[in-house]
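Number of protein chains: 2
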Amino acid sequence: MGVTDFFDPDGIAVIGASKTPGKMGNDAMTNIRSYDGDVYPVNPSSSGSVYGHEFVDSIHDADADLALCCVPSPVVPEVLEECGEAGVGAAVILAGGFAEVDDEGQELEDEVIRIADEYDITVLGPNTAGYCIPHLDLYGSFVPQIREVETGNVALLVQSGGVGITSSFQLDSEAYGVSSMFGLGNRANTGFADLIPVLDDDPRTDAVAIHIEGTEDVEATLEACRNAETPIVAYKVGSEDISEFVRSHTAAPIQGREVYEDALAEEGVVFVDSITELLDASRAIANSPVPDGRNVGVVTAQAGPGIIIADELDEGGAKFPDLASETQQRVDDVLEGITYTKNPVDTGRPLPEFGQVIDAVARDDSVDIVVVYEIYEDSLGYPLEELEALAEEVDKPIFFTVAGPVSSLEDERLRMEEFGITTFYGPERGAHAVTALIDSIDDT
Amino acid sequence: MGVTDFFDPDGIAVIGASKTPGKMGNDAMTNIRSYDGDVYPVNPSSSGSVYGHEFVDSIHDADADLALCCVPSPVVPEVLEECGEAGVGAAVILAGGFAEVDDEGQELEDEVIRIADEYDITVLGPNTAGYCIPHLDLYGSFVPQIREVETGNVALLVQSGGVGITSSFQLDSEAYGVSSMFGLGNRANTGFADLIPVLDDDPRTDAVAIHIEGTEDVEATLEACRNAETPIVAYKVGSEDISEFVRSHTAAPIQGREVYEDALAEEGVVFVDSITELLDASRAIANSPVPDGRNVGVVTAQAGPGIIIADELDEGGAKFPDLASETQQRVDDVLEGITYTKNPVDTGRPLPEFGQVIDAVARDDSVDIVVVYEIYEDSLGYPLEELEALAEEVDKPIFFTVAGPVSSLEDERLRMEEFGITTFYGPERGAHAVTALIDSIDDT
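Chains Z and E, in that order, give the protein sequences. As numbered in our numbering, residues 174 to 617 make up the first sequence, in order. As numbered in our numbering, residues 174 to 617 make up the second sequence, in order.
Each hint should be verified, as a subset may be incorrect.
Heads up, the list lumps identical chains together, so a pair's fine if it works in one copy or across two of them.
[Claimed, not checked] Heads up, simulated EDC-like pairs for lysine to aspartate or glutamate below, C-alpha to C-alpha not over 20 Å straight-line: (1) K492 / E583; (2) K569 / D236; (3) K192 / E488; (4) K515 / E258; (5) K192 / D293; (6) K492 / E258; (7) K192 / D374; (8) K569 / E559; (9) K492 / D414; (10) K569 / D615; (11) K196 / E509; (12) K196 / D181; (13) K492 / D568.
Bear in mind the hints are in silico, worked out from the structure with no lab data behind them. Keep in mind it's a predicted model, so treat the numbers as computed, not measured.
All chains, please: the whole structure from these sequences, using the hints.
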């Protein structure tokens with residue numbers, strides 16, 4: 174038994190499954206039905222079937238090693254004990270009402286931990302929105318519409334299921350997905366330190382984004398980060414001023430950012446300040462070859478947004494190398510001296526030759542990372558041909574920050590993503606992501 | 174003559190107008206054709222008409238007091254002199270190649286300034302993407318598709334036209350617009366200090382968002398801000414490290430943020446750190462009654478994102494007052510003690526009674542500002558009925574931060590905007606905007 178059961182369950186039981194829309198046990202059935210394996214709705218007071226699956230009276234009648242527990246907190250210990258007797262190896266406890274609430278809830282949670290230990294059950298939660306693994310069509314959650322979240326190569330490992338759901342839908346809104354999303358909740362016996370190694374081993378995960386409110390197992394978390402080969406990006410929230418509110422959520426101990434920031438930075442973890450930065454930085458790092466250094470070549474079709482990018486990158490520790498003389502010659506030939514042709518290169522406005530300028534800069538040996546900005550114009554489009562060739566031939570991170578009418582540019586933005594150019598809406602998001610990538614380089 | 178000519182031109186001449194797609198003079202004609210007034214394409218080498226307007230040979234043949242100059246920089250002085258002779262009062266000089274480039278360009282710009290002074294012409298630019306006033310269908314710009322930018326109540330006054338265009342399309346992507354957008358460019362004789370009073374007087378403008386790279390007229394800008402009654406939000410970019418690149422753009426002098434930050438804060442201007450924050454803060458301030466203080470009531474349907482909001486607000490100087498006992502009673506009655514019912518109030522998950530909880534908190538006298546967070550669920554929707562009543566009956570800023578599947582929630586988000594609830598995607602954007610609103614309160 175172990176956390177790997179969440180990835181490869183041999184039958185899933187939904188305990189407290191219901192036919193009644195709006196009930197947690199119905200929402201969970203709605204989400205789990207797409208799973209390509211045996212699903213058992215468990216409810217002694219229901220008969221017939223729900224979404225084509227026949228109700229069974231007890232977990233003992235289900236041939237399942239994963240249980241989604243959709244029952245209220247007071248019933249959870251009893252249900253978990255039955256799961257243990259039936260040989261269930263992993264359980265998701267969705268209900269709240271445990272250690273996050275009061276002393277009585279703490280006792281209930283202690284009981285859950287004791288039973289899980291006795292029967293060797295890996296417990297996700299309690300008090301979590303659950304988890305999802307889109308490429309397996311496996312959505313172990315009560316959140317409506319979570320099945321819209323698609324497959325990507327970033328894993329989300331979040332203390333708050335709500336943050337995981339918010340983040341997953343935010344990725345979805347720009348046509349990205351997740352390799353998996355795990356909401357830890359109260360961490361009865363499964364925390365960051367347990368899931369990081371599993372996500373590190375997951376061949377579909379190219380970066381792990383973690384969201385921390387506070388944990389008891391700081392040392393174990395650090396060790397898991399130290400041992401992971403997959404890049405990790407972290408966002409720590411919850412200052413001491415709002416500690417009571419934080420504790421009431423996932424029973425998190427009171428810990429400031431500083432508990433994590435310095436220690437995790439030592440383990441090569443990149444720190445960020447918001448959900449958007451967490452997702453953008455993770456995408457940037459997941460999709461890029463490791464750059465040789467922090468020398469950034471900037472190509473912009475409009476100087477103003479280019480200045481914003483250069484400003485943020487400068488603050489983030491980037492260098493702007495002089496271009497090699499042959500590169501400078503190529504750029505000058507194209508631009509005929511009418512704009513700022515040094516790095517950061519400004520073409521003044523979108524031009525048919527914009528792709529040639531990117532090509533020249535990207536192939537310059539002094540440039541480790543390429544960042545492009547261009548407002549989209551229908552008549553020109555984006556320089557897809559040059560970008561596709563660069564993505565194939567140049568082993569450097571290339572980022573394209575887009576702006577303009579979304580309905581017009583979206584198709585070409587997604588084409589870029591397909592052939593390996595990571596894109597961002599707006600200059601700052603791109604610059605912040607590149608700053609995170611630079612932070613991830615071990616060049617000290 | 175003066176900057177008001179940009180708002181109410183009596184005939185518009187497009188100098189260098191062209192029938193050839195892709196030429197600046199064609200793009201400008203594409204954009205200006207929607208204007209409900211006389212438009213004169215001026216080009217001695219063209220005949221016939223473009224977009225239904227007959228070419229004229231000279232500005233003397235046009236009955237216009239506004240000129241859009243779409244000619245290359247070396248020709249601009251000659252063209253401007255003709256404009257002066259023909260009685261044109263205001264001109265937009267779109268071409269670059271002036272003070273931002275080199276000494277020769279500086280001489281050309283000095284010539285422009287001299288001619289403008291001699292003939293009393295108000296010049297926007299040179300080196301600008303132009304301006305637009307959507308409610309007049311007036312798009313004085315060469316930027317393709319700029320006519321997609323719609324009417325809103327925030328004016329954008331930007332040093333870089335590129336930043337103005339980027340910002341306008343970013344607003345458009347979430348169905349917002351601008352009251353006007355002015356790209357200052359090199360500021361030959363029209364700068365922040367000239368346009369702020371005009372935008373302050375504009376009844377359609379409820380907040381002015383300014384973007385500064387650096388200006389010669391810091392004192393005049395400060396005075397304009399001091400005298401303005403309309404709220405102003407400012408974003409200063411361009412650190413000294415990248416000063417050469419900044420200067421090459423709009424010929425801006427080298428000035429750090431600190432030159433502006435303290436001084437403008439004294440004049441009641443709110444400072445922000447990114448385009449997104451500039452737009453969000455401006456929307457929040459434009460659409461809200463002035464709050465009585467910094468006491469924020471937070472209502473969240475998911476604690477994790479609620480913690481992010483509380484954390485950011487706490488850092489931004491917000492207070493979280495205790496709720497009055499009758500409010501607390503109302504909240505407790507609805508929530509039955511299963512979640513964190515104190516402020517910040519957490520309902521645990523979306524509930525049919527969510528609107529009642531918002532209502533209780535919003536009507537509490539100790540609360541000056543209300544911030545709500547809820548992941549959208551199809552079966553529940555957002556509590557529009559309660560929100561509409563609150564928007565009508567409670568004279569406080571109420572903000573709703575949304576998350577979830579965009580395609581499902583977007584209609585209801587826009588309904589909220591219609592009846593006066595300002596919305597934001599994601600917890601951080603909402604929190605940053607409220608922090609800016611708090612900064613704008615003169616409660617020291």
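To see whether the hints hold, each was checked on the structure:
1. K492 / E583: For K492 and E583, neither the intra-copy (31 Å) nor the inter-copy (41 Å) Cα distance is at most 20 Å.
2. K569 / D236: neither (49 Å within a copy, 56 Å between copies)
3. K192 / E488: Answer is neither; intra-copy 55 Å and inter-copy 45 Å both fail.
4. K515 / E258: Close neither inside one copy (71 Å) nor across copies (40 Å); limit 20 Å.
5. K192 / D293: neither (31 Å within a copy, 77 Å between copies)
6. K492 / E258: neither (61 Å within a copy, 50 Å between copies)
7. K192 / D374: Answer is neither: 38 Å inside a copy and 60 Å across each miss the 20 Å cutoff.
8. K569 / E559: within (15 Å within a copy, 53 Å between copies)
9. K492 / D414: between (37 Å within a copy, 11 Å between copies)
10. K569 / D615: Classified as within: same-chain Cα gap 16 Å, cross-chain 50 Å, threshold 20 Å.
11. K196 / E509: between (67 Å within a copy, 18 Å between copies)
12. K196 / D181: neither (26 Å within a copy, 59 Å between copies)
13. K492 / D568: For K492 and D568, the Cα distance is within 20 Å only inside one copy (19 Å; across copies 50 Å).
Comparing the model with each numbered hint stated earlier shows that hints 1, 2, 3, 4, 5, 6, 7, 12 do not hold.
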